[in-house]
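One-letter residues, chain by chain:
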Amino acid sequence: MFTRGLKRKCVGHEEDMEGALAGLKTVSSYSLQRQSLLDMSLVKLQLCHMLVEPNLCRSVLIANTVRQIQEEMTQDGTWRSVTPQEAGRAPLDRLVSTEILCRSAWEQEGARPAPGLGDGHVQGPVSDLCPVTSAQAPRHPQSGIWELDSPREDRGGFHKSLDQIFETLETKNPGCMEELFSDVDSPYYDLDTVLTGMVGGARPGPCEGLEGLAPATPGPSSSCKSDLGELDHVVEILVET
Amino acid sequence: ATAAGPERLGPWCSPTGSPAPLSCETGCGEGSWILVCRLLVPTQVSLLSMEEDIDTRKINNSFLRDHSYATEADIISTVEFNHTGELLATGDKGGRVVIFQREQESKNQIHRRGEYNVYSTFQSHEPEFDYLKSLEIEEKINKIRWLPQQNAAYFLLSTNDKTVKLWKVSERDKRPEGYNLKDEEGRLRDPATITTLRVPVLRPMDLMVEATPRRVFANAHTYHINSISVNSDYETYMSADDLRINLWNFEITNQSFNIVDIKPANMEELTEVITAAEFHPHHCNTFVYSSSKGTIRLCDMRASALCDRHTKFFEEPEDPSNRSFFSEIISSISDVKFSHSGRYIMTRDYLTVKVWDLNMENRPIETYQVHDYLRSKLCSLYENDCIFDKFECVWNGSDSVIMTGSYNNFFRMFDRNTKRDVTLEASRENSKPRAILKPRKVCVGGKRRKDEISVDSLDFSKKILHTAWHPSENIIAVAATNNLYIFQDKVN
Numbered sequence: 001m002f003t004r005g006l007k008r009k010c011v012g013h014e015e016d017m018e019g020a021l022a023g024l025k026t027v028s029s030y031s032l033q034r035q036s037l038l039d040m041s042l043v044k045l046q047l048c049h050m051l052v053e054p055n056l057c058r059s060v061l062i063a064n065t066v067r068q069i070q071e072e073m074t075q076d077g078t079w080r081s082v083t084p085q086e087a088g089r090a091p092l093d094r095l096v097s098t099e100i101l102c103r104s105a106w107e108q109e110g111a112r113p114a115p116g117l118g119d120g121h122v123q124g125p126v127s128d129l130c131p132v133t134s135a136q137a138p139r140h141p142q143s144g145i146w147e148l149d150s151p152r153e154d155r156g157g158f159h160k161s162l163d164q165i166f167e168t169l170e171t172k173n174p175g176c177m178e179e180l181f182s183d184v185d186s187p188y189y190d191l192d193t194v195l196t197g198m199v200g201g202a203r204p205g206p207c208e209g210l211e212g213l214a215p216a217t218p219g220p221s222s223s224c225k226s227d228l229g230e231l232d233h234v235v236e237i238l239v240e241t
Numbered sequence: 001a002t003a004a005g006p007e008r009l010g011p012w013c014s015p016t017g018s019p020a021p022l023s024c025e026t027g028c029g030e031g032s033w034i035l036v037c038r039l040l041v042p043t044q045v046s047l048l049s050m051e052e053d054i055d056t057r058k059i060n061n062s063f064l065r066d067h068s069y070a071t072e073a074d075i076i077s078t079v080e081f082n083h084t085g086e087l088l089a090t091g092d093k094g095g096r097v098v099i100f101q102r103e104q105e106s107k108n109q110i111h112r113r114g115e116y117n118v119y120s121t122f123q124s125h126e127p128e129f130d131y132l133k134s135l136e137i138e139e140k141i142n143k144i145r146w147l148p149q150q151n152a153a154y155f156l157l158s159t160n161d162k163t164v165k166l167w168k169v170s171e172r173d174k175r176p177e178g179y180n181l182k183d184e185e186g187r188l189r190d191p192a193t194i195t196t197l198r199v200p201v202l203r204p205m206d207l208m209v210e211a212t213p214r215r216v217f218a219n220a221h222t223y224h225i226n227s228i229s230v231n232s233d234y235e236t237y238m239s240a241d242d243l244r245i246n247l248w249n250f251e252i253t254n255q256s257f258n259i260v261d262i263k264p265a266n267m268e269e270l271t272e273v274i275t276a277a278e279f280h281p282h283h284c285n286t287f288v289y290s291s292s293k294g295t296i297r298l299c300d301m302r303a304s305a306l307c308d309r310h311t312k313f314f315e316e317p318e319d320p321s322n323r324s325f326f327s328e329i330i331s332s333i334s335d336v337k338f339s340h341s342g343r344y345i346m347t348r349d350y351l352t353v354k355v356w357d358l359n360m361e362n363r364p365i366e367t368y369q370v371h372d373y374l375r376s377k378l379c380s381l382y383e384n385d386c387i388f389d390k391f392e393c394v395w396n397g398s399d400s401v402i403m404t405g406s407y408n409n410f411f412r413m414f415d416r417n418t419k420r421d422v423t424l425e426a427s428r429e430n431s432k433p434r435a436i437l438k439p440r441k442v443c444v445g446g447k448r449r450k451d452e453i454s455v456d457s458l459d460f461s462k463k464i465l466h467t468a469w470h471p472s473e474n475i476i477a478v479a480a481t482n483n484l485y486i487f488q489d490k491v492n
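So the sequence lines, in the order shown, correspond to chains Y and A.
Just so you know, we're using the UniProt record's numbering here: the first sequence kicks off at 1 and counts up by one.
Just so you know, we're using the UniProt record's numbering here: the second sequence kicks off at 1 and counts up by one.
Keep in mind that the hints were calculated from the coordinates and are not lab data.
Some hints here could point you the wrong way.
[Said to hold, decoys possible] Computed list of lysine-lysine pairs in DSS-like fashion (alpha-carbon distance at most 27 Å, straight line):
1) Y:Lys44 / A:Lys337
2) A:Lys312 / A:Lys165
3) A:Lys490 / A:Lys447
4) A:Lys174 / A:Lys93
5) A:Lys93 / Y:Lys44
6) A:Lys377 / A:Lys441
7) A:Lys133 / A:Lys168
8) A:Lys168 / A:Lys337
9) A:Lys182 / A:Lys93
10) A:Lys441 / A:Lys390
11) A:Lys337 / A:Lys174
12) A:Lys441 / A:Lys419
13) Y:Lys44 / A:Lys490
14) A:Lys490 / A:Lys462
15) A:Lys432 / Y:Lys44
16) A:Lys337 / A:Lys263
17) A:Lys432 / A:Lys337
18) Y:Lys44 / A:Lys133
19) Y:Lys44 / A:Lys165
20) A:Lys377 / A:Lys293
21) A:Lys462 / Y:Lys44
Model the full assembly from the supplied sequences, consistent with the hints where possible.
Now the structure itself:
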């Protein structure tokens with residue numbers, strides 16, 4: 001997949017890529033799975049209300065679960081576990097393997113009292129929902145990745161790794177682009193979206209699917225741009241310029 | 001504390017004619033269990049006898065091929081022995097109560113000892129309609145609790161979601177004959193034909209068991225009743241719903257005292273409900289109630305009229321490494337039971353049974369894994385709603401063994417002294433009368449041995465939610481859908 005030149009540059013690079021890809025995969029898988037759990041819970045609650053006399057205990061437990069998911073999704077949008085200094089310090093190292101990545105994040109979090117949702121909170125549902133990552137679950141890879149996936153620090157990390165991808169790809173034909181991301185779920189499938197998301201300082205907010213909850217981060221700037229363009233157009237029509 | 005599980009403990013037996021020794025006395029845990037009888041609810045019995053002309057007794061004591069007459073109304077929803085173990089009551093989804101009586105010993109049929117036969121059947125609750133809320137009130141019997149016997153009659157409490165009823169079950173084996181104004185069929189006699197007076201006499205008749213509702217305790221619960229518990233003073237009892245607990249006097253039906261109320265002023269703030277409640281077996285001022293957040297509160301009614309402030313609060317700190325979105329749901333306690341000694345309480349949550357010492361609130365003294373292999377399946381179990389199943393748990397008479405149900409018609413016993421446990425199955429296919437039950441094993445991963453069953457093959461529609469243990473002997477009743485299995489320890 002990579003040129004020999006690149007391999008000679010950095011021996012551990014392939015692992016870095018796999019780590020990053022696995023990281024991307026687990027992050028998006030986790031958020032997708034969590035979203036589906038949320039959707040399922042909301043459906044159950046709605047069904048509850050349609051039944052003759054809902055079981056109050058069951059309704060309360062489902063509602064509490066929904067609340068937990070919402071809280072976590074809200075926090076993830078703004079939660080920074082890595083300080084700026086650490087982010088600047090060789091983020092590439094963190095991508096070497098997801099275990100190291102999450103271990104360092106976990107150790108940081110270990111001392112700090114989490115606001116009700118510690119790293120361990122993230123580990124559980126992933127082991128339930130993502131059989132792919134179950135082997136990594138004891139080491140809380142998802143929590144680590146999730147925390148580093150916050151805009152500022154991780155962008156640096158992602159940016160660097162993506163830079164490396166593009167470096168190598170310049171020497172290759174465009175067809176291998178799909179190969180790189182073939183295993184990664186959308187939206188990362190769409191390189192443009194990813195790039196603009198990274199550069200624009202935004203990524204698809206986790207709370208997009210959530211009713212009644214403002215997205216923690218703005219949507220991809222590309223769609224914002226198009227929206228703005230349309231808005232201008234509409235305004236133009238309205239003022240009849 | 002999951003032990004490997006004994007393949008078979010040495011079978012122990014009782015001397016003929018006397019109750020079997022309890023496990024603590026012999027040092028064995030579960031002994032060897034044999035199936036005594038499998039009982040069907042009477043509607044099935046009558047259907048079968050009409051179609052096949054089979055003796056009713058034979059139906060109760062033999063094993064039939066699957067007729068699939070079971071309807072949803074026949075699903076057993078509660079099982080309870082009375083205080084002597086002579087009677088066993090079941091309630092079902094159709095609002096019916098069936099009481100079984102133990103077969104009396106007789107020299108001719110010594111092998112029939114320990115079998116239970118139908119004693120009385122009655123319709124306890126009917127479906128109702130709440131016109132104000134436009135809601136149907138289910139007739140399903142949620143709980144039955146016996147009162148201690150004080151005279152020749154038997155008394156029990158049975159409850160559905162809204163109404164508790166006190167039933168009197170009494171025998172009638174004599175009938176008055178020789179009325180003056182009525183003839184033998186009960187028709188009024190023409191007074192002109194009466195020329196002499198006589199005194200009616202009591203003559204023996206075929207035994208008739210009749211059940212009459214003596215009290216109806218209604219309109220005291222806005223939410224669904226999940227527990228009833230008779231107090232040790234035998235004068236009062238409590239009924240608990242999702243948010244409130246009421247104290248009743250048996251003689252007064254139009255009034256009850258509210259002793260616990262956890263309803264928030266704003267229902268949108270509701271995050272916790274009451275799941276079970278029980279009086280202390282000896283101290284009539286003390287009771288416990290469990291919650292959907294995995295906590296138990298012990299209250300003393302002497303402290304205040306409204307026991308919103310607990311005397312003791314039992315909660316185990318959360319294990320952060322096991323935390324998940326399902327943590328709270330699986331920590332919800334589905335049943336709480338005092339030990340016979342009154343010194344311990346046992347709680348059942350989705351995956352474990354825990355024993356608590358009343359003197360230690362910060363954690364249980366024992367934790368037993370019922371089916372930990374389900375931990376990785378919680379998402380699927382949430383999807384199909386099985387994660388909300390409410391399993392009950394029971395103590396044996398000496399508080400040395402605890403029992404609870406699982407899926408695939410499995411039920412588990414844990415010996416608290418030897419720390420051994422066993423998994424048994426209540427099913428028709430695997431049970432012959434008097435044959436020793438074979439311990440079952442669930443294969444968690446890797447190679448499956450010959451007799452093991454893999455987690456993915458478990459039938460989650462076959463769940464053992466309700467079990468009961470005879471108060472002094474090793475006889476257990478296990479309800480599997482519409483079947484009631486009676487097992488006892490092997491007797492020579």
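Fill in: Hint numbers not upheld by this structure, sorted from lowest to highest
Result: hints 1, 2, 3, 4, 7, 9, 11, 13, 15, 17 and 19 break, sorted rising.
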